[in-house]
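As a plain string of letters, each chain reads:
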Amino acid sequence: MNISLTLNGTEVSLECQPFDTLLAVLRRQELISVRYGSDTGETGASAVLVDGRLVNSDCMLAAQADGHEIITVEWFNKAEMHPIQAAFVATGAMQSGYSTPATILGTWALLQQNPNPSEEAIRDMLSGILDRETAYTKPVEAIQRAAAVMRGETTEPFGPLVIPTMTDGRNAVVVDPSDPRPIASAAVPRLVPSKDVPEMAVVGKPEIKVDAIRLVKGNQAFTDDFEERGQLVAKVMRSPHAHANIVDIDDSAAVALPGVHAVLHYKNTPRIKYASGGQSWPNPHPHDQVSFDNKVRHVGDRVAAVAAESLEIANEALRLIDVTYEVLPAIFDELEAMADGAPVLHDEEDTLEIHDREHNIVHHIEAQRGDVEAGFAQSDHVFEHTFRVHQVQPVPIENHISVAWLDSDERMVVRTATQVPFHTRRMLAPLIGMEIKDIRVIKPRIGGGFGAKQEMLIEDIVAHLALETRRPVKLELTREEEFMSSRTRHPQTLTFKTGVDKDGTLVSQQLRLIGNTGPYGTHAYTVQTVSGLRGLTSYNCPNKKFDCDVVYTNIPVPGAYRGYGAPQAEFALEAHMEDIAHELGMDPIEFKRKNWVVVGSELDIAPHLGERSVEEGEMDEYPKVMSSGIEECVAQGKRAIEWHRTTDPAWVSPPDRPHIRRGLGFAFCMHGTAIPYLDMGGCSIKINDDGSFNMLIGATDLGTGADTVIGQIAAEVLGVALDDIKVYSSDTDVTPFDTGAYASSTTYISGTAAMLAAKKVRERIKERAAKMLGVEIPCTIELRDKRAWAPDGSSVSLEELALEAFHLEDHEQIMGTASYVSPECPPPFAAQFAEIEVDIETGQITVTKLVMAVDCGVAINPVTASGQVEGGMIQALGYAHCEEYAFDDDGRMVNAQLGPYKIYRADEMPETEVYLVQTMEDSGPFGAKAVAEIPKDGVAPAIRNAILHATGMRMNNLPFTPERVFDALNQ
Amino acid sequence: MPSVLAYYRPRTLDEASALLAEPNRRAIGGGTIVVPDSRVHREHGVELVDLQGLGLDTVAIDGSDVRVGAMVRLSDIADDERMPAVLRELAQRELPSALRNQATVGGTVALADPESVFLAGLLAYGATVHMHHDDPTALKQLLGEGLGQQVITAVSFDSRGDPAWAATGRTPKDTPIVAAIALRRDGAQTVALTGVATTPVLVDPDDPTADLDPPSDFRGSGEYRRHLAALLTQRALEGINQ
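Same order as they appear, the protein sequences are chains P and L.
Heads up: the first sequence runs through residues 1 to 971, numbered per the numbering used here.
Heads up: the second sequence runs through residues 1001 to 1242, numbered per the numbering used here.
Calculated directly from the structure, the hints in this document are not laboratory data.
Hints may contain errors.
Just so you have them, the derived chain L footprint on chain P, three or more residues with Cβ under 8 Å [said to hold, decoys possible]:
(1) 63-69
(2) 117-126
(3) 954-964
Pulled from the structure, derived: some chain L residues nowhere near chain P, Cβ distances all over 10 Å [said to hold, decoys possible]:
(4) Glu1043
(5) Asp1080
(6) Arg1082
(7) Ser1097
(8) Ala1112
(9) Ser1156
C-beta atoms are modelled at their ideal positions from N, C-alpha and C, and glycine is treated no differently.
Please build the complete structure, drawing on both the sequences and the hints.
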C-alpha cells in the first residue's frame, strides 16, 4: 500500500505493508534516531511527533500515519544545536543517549504548548519515555534550562555545588539539626572537596560527553543504525517448556518457505560446549551450554533459529518448525533444587566439573579466616537471620542486538551491543570453527547494558547464520525475549550468623548463601563469590566464613547485573547488622561505626575468595583500606535527610494521617574497584598534525561516560582540552585489549592505562620541546594550554611540535601505548539514606527521598559521576520496591512487559540528592576510585531499615510490594 | 502469513460497520493495544479497521451534559479544563504521556481492561455508550454483556457530582492493584472499582465486597484485593466528604 505524509517538513509518498509499523518505515527512510525498545510503546524510545503530539511509532501502523505530519529529531539537526539539544549536552542529561531523540521531541512539543512548564508538567511528559540511566534528574534540569533559553533568559553554566566539609575526614561529628542543608536542584552534584586533591585543568571538571553530538542529534551510533547490504533477519524459536528433552525437530516446512535462508537447531549445528558469561580466559567451568541443545531448561531457552528475508517471513518460519518435546519435571526454587530426588538439569555426560550433579549444585564455595565456630563460642551474643532476594532484570532500553557478516576477506565481523568485545571474540571462535584472528568484533555505542551485555548472548547465533547463508544476518531481541532469555540478577537465600561481645564488637561472622543460577552457570561462580566478598568485608571481625552453594534451577538465566552479587549481600548484611543493633539496644549507626572498616583495616576475606584464592597461611600481608571518606559521607547524608527526625514521634506518626507511618533508614555501603590481577585495559595515543590526539581504548562505554572520563585523564596529562582528545572504542581489530565494562573497573583500570600511555607521549613531547626551546633538562618542560612551556616562559605549541615531528626533523609519530592491571582493589564507600512512608492499612510503601553520599575518590567528572549515582540508586530502588519476575506454575514469566514489570517513571520519582565526597586514592588515576556499582548496594537495606523505623517490622524478603508488606504487618 | 493482512480507513460509519461485520477484523482507535497484539501475538493474520476518519474526535458540552467522541484521546481529556477534575486525573493516571496521546476513549471502553481507572471513572459517572446502529447503552450494561463488533461513536455522561478516589499500587503512578472511584450526586453515592473482576465494576457503597470474587495475580491475591476493595471504597467515600 501507499501512504502520503509530511515527513520533517517534506511531503512524501511511501510504499509500505499493512503490518509495517511507523517505526519500521521511518527507519527505512534512514531516520535512525527513532529507536526500538519494545512493541508496545512502553519504553518511548520510538516516540516521534505526529501532528505535534508525542506518540510511539512502535505500536502504531505506518498506515495510521497516512495524511499526517511526522517530525523526528532529524528535523532539528542543523550545524548549530537546537537550544534543547544544547541543554541536554550541557547538563549531562544523556548517558547512553538511546532514547534522547524521543525526549528532545517530547520537550519541543511540551514547550510549544507551554513555554514555562512546571516540573510536574515536565515529569508528566517524561513519563512516556523510560530512562534506565539518569533517574530523570538531569533531563528535568535540561528541559528547564532549555525552556529558559527559549524564553530569552540566560542560564548559569551547569556544574557541581561545592560545599564545605563537616568532618576532619576521619572522625564522626554530631550533626546540628539547625545546620541548613545545601540547596540546589536535584541534578546538581554536591561536591565536598578534599584538601588532599590539587586543582586540575580538566580532571574534576564537568566536561561535556565526547559523544554528545552524535547522541543528541540521533546520528548513527548504535548497532541497528548501521546496515549491511543484503542483510537478513534472524529470529529464535524459544522453548514453551521449563524443562524438556527435544525428541525431534522437523524443519522441512520452514526450510521450504520462500524467503527463508537457513534454519539451525541441534541436528545441524556442531555441539561445542561453552559458558556464555563474558569472562577472562580460562572461562570458569562448567561449560554447560551449546549453541543449540537437544534439551531445554527454561521457558524461553533456545530451540532453533532462522534467517529470512524479512521479520514477517522469519516469524512465519518459526511457526512452521515442528518440535517434539518430552516434557520433564521442572524446579524453580534453589532450596528445593538441592533436595534429594529433585529433577536433574544437567544429566548430559559432556558437561564437566559440576560440583554435585545429582543435587543440581554447580559450585560449592568456601572461604574462612580465623575460626568462626570458636568465635561464636567466645561471643556474648550470637544472632542469626535469613533473607531471600528475588530475580530482577537490568532492562537496558536497547535490547540485545547483533549483526554478523563475512567481510571481503571472508573474515567474520560481528557488530554487537556488548560490554565485552574481546571476550566475545575469543569465546566465539571455537563455536563457529574459526580462528580468533579471523574474527572481528565491533562495539558501537550501547543503549545501556548494566551487566546484561557482559555475556556472549546472541553473537554465536548470528555468526552461525552468517556462515550458513553467506549473508549479513541481524538478530534483535524483543522486549519479551529480553526478559525471558537475557540475563538477570541471581535470586539468593542468605543466612548471616554473627557473634558479638558485650560492647558490640564483632567476634565472628558467617554467611551461608544459596544462589540460584537458573539452568546455566555463566557468571554463577563469580557473582556468588562477590556476594561473599561484599557480605564479609564491610566490617572488621577476626573470624569470618563464607559457605556457599550455587544451584541449577529452571528459571530464566541469572548472570551479571550491575553490582554483581553485592546488592544481595549488602541488603542482608545491613539488615542483619541493623537488627543486631536493635537487639543490643544500640544506635544502629554507632554499632556499625564501631565495626566498619577504616583506613588501615585489612581486607581480609578477599584473598581467600575467587579462582586465584590463597589459604590463610599463604598470606604475607593482607591488602588494606587506604582511603575512606565514610564519616564525611555519613555527616553530609544525615544533614541532607534530616536524620534528627528519627527521634520525633510526631514525625513518625503524623496526627493528621493516622494510617501513615514515616521512617528513615541508613545503610553503610562498600564496594570494590576492579578485580585485582585480572581486569586489564589498554590504551594507545598518537599525536596529529594540529597537536590534537587520537586515543584508542578497548574499554566499553555503556553510556556511563567512560570515553569522556578516560579522555579527561589523558587531556590532563597532555595539557590539552578534552576536545583535543578524539576517543575511539572499541573494535578488536583496532583498539587495544580491555576486559570490558566490568566490576567498576573502567575509570580505574582503563583510566590508568590512558594515563600511562599519555605519560609516554608527554615524555616524548617534552624531549622534542626541550630541543626546540633550547632547554637542557626535558623534565623541566610543562604541558598546558596545548603548548610546551620552558621554565623561562618560552613555549612551543603542540601543533608546531607535531608538524616538526611529522615533516621537518627527526621524523617520528609521537605515540604511546600502555596497559594496566591493578594489584589493588580500593573500596569506594557510601552512606545511603532513605525516607519512606508506610500505609499501614494497605502495605503500600512510598519512598519520598533518597540521599546518597559517595566517596569515589576523585570524581574525574562530577556530572557523569553523579549521573552514575542517580541512575544506580533508582535501579536499586526498583530492586527494593517494585521490580520482580513473576511466573505461573509452569515457569512461564507472566509479566514480561514493561508496566507489569514495573520500573520507575519520571513522574513518580522520590526526591534525590547526591553528594560526592572527595578522597585521594593514591592507587587510582588522579585519585579516582569506582562509582558505577556502589549506588546499587544501599537502597534496599536503607528502605528496609526505614520500614523498621516506621513500623518496628522486619522485612527480610524483597521486594517491598504492598501485599508483602501488608501480610508482614498483619502477621 | 503476515500478521496484519489489510488496513482499512473507512470514511463513513456505515462503511465502518460493514467492514467490521466481516470476520477476522478488529477496530482500532489509537491502536496501542490492538496493533502490537495483532503484530506480535496472533497466530493468524487479522485485518484492521482504523476509525480515525469518521470525525469522532470532538467533545460537546451542554451544561452538565458531556459527550465525548470515541476517537478523543485520553490526553485530550486530561488537558480539558471543562472536564470533571477527577476524570482528567484518571485519564492522566491511565497511561504515560505518549501512550496517553494515542489511546482513545472509545478504545478504552472497547477493551474493558479490568485495571482501567478511567473506565471506572466513567462507570462512577454513570456513562452511556453510543454506538452506530444500536441504542445508547449504559456502560455498566455494556461491560457486562460485551461490545461485539459495534462501532462506538461516543460516550456521554452527566458531569455533576462530588467525586473522590483512592488507590493502592506498587509505586505512586503504577497501574493500581485496586482503585475505588466514588461519586455523590443528588444525594446518591456510586462506587466503581478496578482490579476486582474481569472489568471495572460498580459496587454497593455500603457493602462493596458483596458478590466480589477478585482474581489473584502476582501483585495481589484475591483476598488482598477484597481487603483493598473495602478499604479504598471507604477512603474514597470519606474523600467526598472532606
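Under the constraints set out in the numbered hints, which ones does this structure not fulfil?
Hints 4 and 7 are the ones this structure does not satisfy, whereas the remaining hints hold.
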